[in-house]
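Chain S is fixed; fit chains U, W and Y onto it per the hints.
This is what each chain is made of:
There are 4 protein chains.
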Amino acid sequence: MILRDPVHGLVAFEGISERVIGGLLRAREVQRMRRISQLGMTSLVFPGAEHSRFAHALGAAHVMVRLLARIQQIQFDLPDTLRLDEQSRADALGAAFLHDLGHGPFSHLFEEVLPDARRHEDWTLQIINEPSTDVHKVLNNIAAGSTDRVTKLLSRQYPVAYLSRAIDGSLDVDRCDYLLRDSHMTGVSYGVYDLDWLLQALAFGLVSLDEGKQEWVLAIEGRKGLPPVESFFLARQFMYQQVYHHKATRAAEALIRGIFIRVAELVRDGALPQPIPHAIRAAALGEPAPVFDYLELDDVRLMNCFLSWETCKDKVLSDLSRSLINRHLPKTIPLPSGPHAEAKRREALCRAHEVALKHGLRPDIHIRLDTPVEEPYTEVADRSAEGLWVLLSHQTPRRLGEVSFLLGELRNKRIERPRLIFPESIRDEVILAIGGLLE
Amino acid sequence: MILRDPVHGLVAFEGISERVIGGLLRAREVQRMRRISQLGMTSLVFPGAEHSRFAHALGAAHVMVRLLARIQQIQFDLPDTLRLDEQSRADALGAAFLHDLGHGPFSHLFEEVLPDARRHEDWTLQIINEPSTDVHKVLNNIAAGSTDRVTKLLSRQYPVAYLSRAIDGSLDVDRCDYLLRDSHMTGVSYGVYDLDWLLQALAFGLVSLDEGKQEWVLAIEGRKGLPPVESFFLARQFMYQQVYHHKATRAAEALIRGIFIRVAELVRDGALPQPIPHAIRAAALGEPAPVFDYLELDDVRLMNCFLSWETCKDKVLSDLSRSLINRHLPKTIPLPSGPHAEAKRREALCRAHEVALKHGLRPDIHIRLDTPVEEPYTEVADRSAEGLWVLLSHQTPRRLGEVSFLLGELRNKRIERPRLIFPESIRDEVILAIGGLLE
Amino acid sequence: MILRDPVHGLVAFEGISERVIGGLLRAREVQRMRRISQLGMTSLVFPGAEHSRFAHALGAAHVMVRLLARIQQIQFDLPDTLRLDEQSRADALGAAFLHDLGHGPFSHLFEEVLPDARRHEDWTLQIINEPSTDVHKVLNNIAAGSTDRVTKLLSRQYPVAYLSRAIDGSLDVDRCDYLLRDSHMTGVSYGVYDLDWLLQALAFGLVSLDEGKQEWVLAIEGRKGLPPVESFFLARQFMYQQVYHHKATRAAEALIRGIFIRVAELVRDGALPQPIPHAIRAAALGEPAPVFDYLELDDVRLMNCFLSWETCKDKVLSDLSRSLINRHLPKTIPLPSGPHAEAKRREALCRAHEVALKHGLRPDIHIRLDTPVEEPYTEVADRSAEGLWVLLSHQTPRRLGEVSFLLGELRNKRIERPRLIFPESIRDEVILAIGGLLE
Amino acid sequence: MILRDPVHGLVAFEGISERVIGGLLRAREVQRMRRISQLGMTSLVFPGAEHSRFAHALGAAHVMVRLLARIQQIQFDLPDTLRLDEQSRADALGAAFLHDLGHGPFSHLFEEVLPDARRHEDWTLQIINEPSTDVHKVLNNIAAGSTDRVTKLLSRQYPVAYLSRAIDGSLDVDRCDYLLRDSHMTGVSYGVYDLDWLLQALAFGLVSLDEGKQEWVLAIEGRKGLPPVESFFLARQFMYQQVYHHKATRAAEALIRGIFIRVAELVRDGALPQPIPHAIRAAALGEPAPVFDYLELDDVRLMNCFLSWETCKDKVLSDLSRSLINRHLPKTIPLPSGPHAEAKRREALCRAHEVALKHGLRPDIHIRLDTPVEEPYTEVADRSAEGLWVLLSHQTPRRLGEVSFLLGELRNKRIERPRLIFPESIRDEVILAIGGLLE
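Residue numbers (this note's numbering), protein chains in the order written: chain S, 1 to 439; chain U, 1 to 439; chain W, 1 to 439; chain Y, 1 to 439.
Isolated chain S, as found in the complex (with noise of 0.2 Å):
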């Protein structure tokens, strides 16, 4: 099978463990993620930022196709147990093609919003063992046992534990995807990093850890490696800065954080919106969700859902769902960061609170102090597996930040960027009234 792809061209999945890939996509929960946004209401802000999830999950087996060619040019080290064959390949691209199934509409946006959500990556491995999923069957008929190893690769518990945090760790084919297509699809270049040189400066090193264990680790070589996963690092931070935590996006995620508090209340009141997805309505009154009825949950039901909405009788509903609709997003404006100027956020959103209240607004539903953080390249201090580690000719390896210059000085820092998000109509008063805080 080869399909094109905008960001990594030609896709090709054509040996024996590919077949996993052509198999899955036959799978209906497969193909549910066509219809999930990658980066939720994002296209709000930047217009081309319309993919999937679906041609992310491609693009995450793909490179993993890539990294499984590099690991089989530099595995003559390890011994055989470590070593690849036909079962643990299609178990890593299954893995990788999979490792969203479990998203809920808007992706990230869906968990976050709602309070008691369950995380994706549950829902996603209670997909892949469900009996009655195609998905589950498709697995299983490729190979007895596909559906137990590809949970165990996804949840850390494989045998080759280099797969694993290949799958999900500080460098793994699920960021070498997305950085690069979010990057594509918004048109930030930021985003791009050297993807052939990263996966050529790969090798495996032996790694000695706390209490005298060794184990062989997925390493970045040498000096020649450094370049790229600085670049890599610094393209991430970039993504965060630019684009995830972009003032306009985070408007609209808490224009639908106001909606869902709305829909649960008319639940919990038993005045519900109509159409109400199953899964919407266990969510709001705090019960679990059946996996058929989360499954039948993505952005066509869900925005459907706005667009009816919109002409509900509840005021406060029809008009979040009409400003999502329509794009008439809040407004935001910065709050000074650190520790030394939480009184003064505090005090912020005291008074737009008050604002909301004057104007007959809800201040739990319209107004919002929103702080997300960014850490641009975290490191553990313990000597454990995960993380990265350098190898260098004649010298035992080395944790990342310990070698690189760059991300040694940004090694586990922190950045904060607190704002205030509140409704249009009562900008100006919220800036008249905050003003003097503002620095």
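Take the hints with a grain of salt, since some may be wrong.
For identical chains, the list gives no copy identity; a pair is met inside one copy or between any two copies.
Stated by the list, open to error - SDA-like, lysine to any residue: derived pairs with alpha carbons at most 25 Å apart:
id	residue 1	residue 2
1	Lys152	Arg383
2	Lys152	Ile16
3	Lys224	Glu409
4	Lys313	Ile276
5	Lys224	Arg398
6	Lys224	Pro397
7	Lys413	Arg399
8	Lys152	Val192
9	Lys344	Gly286
10	Lys137	Gln87
11	Lys315	Ser132
By construction, these hints were calculated from the structure, which means they are not laboratory data.
Frame of chain S; chains U, W and Y shown alone:
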């Protein structure tokens, strides 16, 4: 207003005339274009092709910004009445941005599968001229008479004729954007041509037309302009060959055609599937739809129907809907082309019908003889201002096809690509039945 | 060995066969290619086109690496004798890297302006087979008999015939690299085609040839391979039209031709300009040059001559050299093409000669009727293994021009672009003299 | 005049002020830049990096065209004396195009390896002001006083101070072009930043300086400008790390340094190698070179010397020349950095000297302790108009390093990369001798 775009990079609407774009962005009918995919079912084949009409509309407006900038560099010879001013610039930008406003769900697909559907161009004009739409209000707020002028621009009655042709002509901002965008998003590099150089190669020329008339046309300058304009038409041809007429895309469209045939029958029989948008119901009954009913239709609404119809009582409809949602597409086989093979094609269709009937399938719904036609470069024979003229030093302007070797060879040629479309379940039998007819 | 390349990105020579490249890199004759510009005088017109034969040679070797990888995926049907092994892989890589070794200064230009120059292909073979060259020693050190095998590969006598054609054929690694490279460096986007997809579209087919023979050829697979191969030939045509036959490039070449005519006269008259490389002196006298004298010639040596000749006593030579160095290029004017305009062209040349004479210029040196010819796609009529074959399911292999609509239309067509080249100083008079002949 | 460029695409010089570029293109000293490679020996390591100063000069002029266009959009607040007019535009374009006119062979390399070489900036000014150069004549033909004004622009005495800084400052057209160009040509993607967005982020701000003065500076607008300017400095840092300070490039430079040391000795001893350009001879004797002797030096002349010196009688010189031509580069080994390792580095150098002496090599010529230094982002502490300022809404302009988290972390940091360079022939012995000192 500055935006980022995966195709054009930085997209800026910053001058006075450009304000029309910012104003129109707040119009509900414009935001609706976010919910109309540019390429209909194509993303089932090219997973990256998930972009919307909205992104294309912005792109077309951006190309218009660039075209207007080029026109201002080269308009010194034009009479005053043909020179740009703020008003004609705003009209051109508005028209470029709104030219696809009237598309139904999945763009062209909607009018292609509905037998008597109104053309999207007509809906566009009606939406602009309907006093209660946001678009109408915004346009006339910006400048009195805007809706009239934009309507004239879009319907070839604008006094500055070259602007009308720049929105709908052989080489217009619509094609300029969609070739680049569709090519980029599908990952098919063949649709790329050199927009920078194409714009740079434009110049005004005074052409002698039939009946002794003369007209200023936006023409291609000398020999330096041939390569970009040749590659523009070749890019277009490649996109038809590779993407727009791709066999699997056509197969998906045949599936939707089948769905609409069945829905129309059910509506006429009074057995309405639920939900059923007003405009679909009206179309099924051959009744005209009010503009607001039409505007309510979009990909979300229609895809929501497909998802619901999957569980409706009518087996034909539920099966078709399920196939579409799970991407179980019909199969295709190419048939011999040319007039001499007409009888073979009819015979093949006939035999496929028989196979379908044998399996309890409806030939009119499940079998289709599809014959997309490609015309790489058409050129009118008369001396009208239409089409493309080339300016050569020391010579009178000549038709592009006379000057370009490549386009001269392709001029007014037609390529037919007939193929038979049928369900996967009867694939082997159909191939067996028509085998002898394939060459 | 891993390199970076502006055209192909990461270029890796990492396997066993690839060691031949690392070895050859230390050969003096290979390093000499750094001092031969790939496109001769073209950088006077396209300032970015400053790349050397060396960069192209690496690029061709890289395309060979990719081609060999593709062949290994598709060779399962081939008889053992035609399958790749380490030796044939190394031969192919060596031949690809060395195929242009024998180029003289400014590449093609050198043999084009010297009337009886030996072809660079012959020099290549001689350099490989001369026992005292580094290249010869390196090749035979790597494996006994390498020079013989590489020679056979380069001269179409290698037992694996498809490999010979992959180095010098309709679609070979030479063209594959130079189209992309020259296009990239000149900034002319039209030379770009889709190398990834082209490689993916290759497959082996057994073709029935004349006289009942059969041969395995590297062919184009089915209909999916048409677009990349069509755009490959179109890219080539665009590059000829835009770059290789650009009027100013041809004018610069005419200048160098004039320099060589004059230097040859001076040599024969015993009035040698200083410095004068041995090989130039020999060429002027029609004597054969020893290979080491030939290898001493490169762009540096020749450009150093031009710089020195600028101040030599002979006014014709010094004027021509100065014009070249200061880029005061001759002017050109297109003449009508086609056999019917033969008389007009002769008349134009004749009149230009008269103008030159009147101004004390030498017609044979300063005036040139230049007629580059383009052949977008040539296809032999017989059933030989040469040229390109297309594999279609359920059909026997067919010639590319029969299957491709575009290439069928262009097959064996010829485009002539006659133009007159003359000094800037007599431009107005020449144009006046030939004005009436231009149409 | 319209050109194509591999880096910027279409490059147009079309307005009135732009005529200065067309005029200067006919100047001999400008054409000489075609014979000065931009990156010296770098193409020995990155084969694509064969571009000339000429291509960079055009690129810098093109960036100036774009910068001037941006300035005209944002200059409304400036006092009349600081606004652009045709004259200041032409001055800026001329200065951008000529800023590197005075480079010697292989660019920076020439002045770095000659101990008392005059700076290329001084040569640039001298060439512009020498009445007999073409450049001087062309400039003053275009407008009286042009040479004076361009000189002032290039030496920071121009009345429009922000234009001087745009040619030579933290963020100038020189850096803007060379980062993109060198990155593109080497194939190192890390040097790419977003020029479009960077230009769009510029705005004028009135900054309060020391001593109560105020000055209009070209500043970075608000928070939207941070990512492009951050990535500009990161791109620069990556290029130093990856390309400019690459170990093999530095090794080739050490070889040339050795050649010059030996040539100087031979000149002083009266044993002149042949040929020997006047300017090299003068440099060896510590005598000033006349400008026309200096202009005669270029890569062609110098490379021609290396080729000839390969067969000269002096064995030291011929060996060094041969190594360079055949790319037999010295080897390198990284040494520990930091002040605490100073003694180790001195000891390593000392031991390498001993190994060299033992093998009859000259330590001063064959051994080198090389310590390139990188400063990712420097920021002056005082309130001068130099450096970069950021404009924030409702706040006074602040230094870039105060606003940007990333640049704040890197501000005024220094990275040293000490390494030892020595001949390949003594590699093993050197490594053995210094082994214990490497960490």
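Which numbered hints are broken by the structure, listed smallest first? Violated: hints 8 and 9.
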